[in-house]
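2 protein chains.
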Amino acid sequence: MTNIKDIGEQGLLERLQRFCPPEIIGDDAAVLVTEPTQCLVVTTDMLVDGVHFSDITTSPEDAGWRATAANLSDLAAMGATPLGITVGLGLPGDLSVSWVESLYQGMTECLQQYHTPIVGGDIVRSPITSLSITAFGQVYPNRIIRRSTAQVGDAIVVTGVHGASHAGLQLLLDPKIGKDLTTEEKNALIKAHQRPQPRLDVLPHLWKIFASQLPIPVSGMDSSDGLADAVLQICRASGVGAVLESAQIPRPKAFDHWLTEEQALKYALYGGEDFELVLCLPPDLANTLVQSLDQGAVIIGSITSDSNVSLLHQNVKIPDQVLTLSQGFQHFSQ
Amino acid sequence: MTNIKDIGEQGLLERLQRFCPPEIIGDDAAVLVTEPTQCLVVTTDMLVDGVHFSDITTSPEDAGWRATAANLSDLAAMGATPLGITVGLGLPGDLSVSWVESLYQGMTECLQQYHTPIVGGDIVRSPITSLSITAFGQVYPNRIIRRSTAQVGDAIVVTGVHGASHAGLQLLLDPKIGKDLTTEEKNALIKAHQRPQPRLDVLPHLWKIFASQLPIPVSGMDSSDGLADAVLQICRASGVGAVLESAQIPRPKAFDHWLTEEQALKYALYGGEDFELVLCLPPDLANTLVQSLDQGAVIIGSITSDSNVSLLHQNVKIPDQVLTLSQGFQHFSQ
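Residue numbers (UniProt numbering), protein chains in the order written: chain A, 1 to 334; chain B, 1 to 334.
Careful: at least some of the hints might be erroneous.
Cut-off 27 angstroms, straight-line C-alpha distance, at most; resulting in silico cross-link-like pairs (BS3-like, lysine-lysine) [what the hints assert, rightly or not]: (1) B:179 to B:191; (2) B:253 to B:179; (3) B:208 to B:266; (4) A:266 to B:5; (5) A:5 to B:266; (6) B:208 to B:191.
Everything labelled a hint here was simulated from the structure, so no lab data went into it.
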């Protein structure tokens, strides 16, 4: 097995060049032509071995896919289409070259769906494997989706099921659980964790629905840190509240005969990493969007002038079910 | 002393927000308005504690400055002016909050010289401190400076002295050396290491000289990995050779009474991290540029149809002084 220290940085770079467009590599920086009337959108993620990915649950291909999908999801959440990504890699010298090639393979598999290139990067020695991806995209100014513009009365749409990725992770960590699941169900949940899809496909639906209504009256973000977190962040940024109908929150069908209602709801609200979009828009147009998407998209609640996010159970407000960020993911406190 | 784990990711993010423009933070990604007729230029660097910086030689302010300067230097080397940077940070929980604030202080001090904002980032838990910066800039298509377009007969200009940064690092690592230097000389060399200046100031000179000659007939890169590396990379990318006159390679004056000629030349050619520009352009215009810059800029040689880069000593070619990449910096082989 060839390790990185056997071939050095130059040797590794040469092996990885096949994942990058030849016209872009080999200079101090990459040059890209952008659409002149669009804005530039930029997002970045840092991932560390043992914290964000692990060989126990995630192959290098899947780690590459997931990291890429997370960044593309941030672009989708702004309404932006991707232009390219850069990749910063810190690698121990005794890591195998094939691990790194597999990581790049996973990244490019995710990117190729959107014809998006890896346009640059940096590879350095590090005691621990770490990966930093910066994605950039473009968006017409009147199509930007912000967190801060949710309006009282807006319907809240989620573009798909929640809790699947977290369930998949649990199944990977402890294969003994999930005896009540079929192999097909297990594999689907595990795939939701390993190969999440950024919802860039939602954007053309929005552009079509709002072709004559610009700027688009849509606010939102992605649910990468959990559905509860997304709704809370939107409400905080917009100075509004929300009510969610618990029964409306879409979850994988497998949850029905595997988890209690309470567990299923916890996975869906706080599991995270489903990378769906959480969008707030006028109710009639929300219905149009849900019909247009036709793949698990649902209206889960509405924006209120309240200062809380409350969870209703069959239209009854349960006093202790006010959502808080504290059940969400805090990276340093764990 | 407050550590990161005491205030968590959210607490740290709140403390760092003062370093970022308020209109940009708080969404999934940053939105930037670019000049419609310019191209986007992107570059990224990854830095790891103990490999690229260390508390022994580099304060967090200086680590922040240096990392930022390196990225801005890559933009300058493409002819691009900066738009913004993103910052990915992997941090151990027991690192002090003030360390991170000092890092950001150093980054913003460097950026403020060019009115360039930090537009986004990601902060995650990591066993080892690591820093990934991605810088964005823009350039008119006919002003792009590439490595691959050097022409036989071009003069090779360096925009300033070489070897200072490496000398500064040596002085920091071993304060006992450099007894023959004055305090002022020592401080200047150390500052060259801790606070290198990206040569973005060179670009307006080029634009003025080549106002009527577009696309600009200039190729080049920065000397971040050493002057020898820069000349060799340009020659390899352009399919040309070069001759350099060793006496013309500008070094700090302090070297004259501190190092042997051989040592001084080694520092200047292979030291690295001086972040000057190495530019190839027609000889008459190279003279105009050198006069226009008037701060240590010198013609050090010329581009040939040879396949080697040779070093001349008072116009005599020394057979064993053919420059090679192998004396340059290889990140994994050390």
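Status of each hint after checking the structure:
no.	hint	verdict
1	B:179 to B:191	holds, 18 angstroms
2	B:253 to B:179	holds, 15 angstroms
3	B:208 to B:266	violated, 34 angstroms
4	A:266 to B:5	holds, 25 angstroms
5	A:5 to B:266	holds, 25 angstroms
6	B:208 to B:191	violated, 30 angstroms
The structure fails to meet hints 3 and 6 from the earlier list, while all remaining hints are met.
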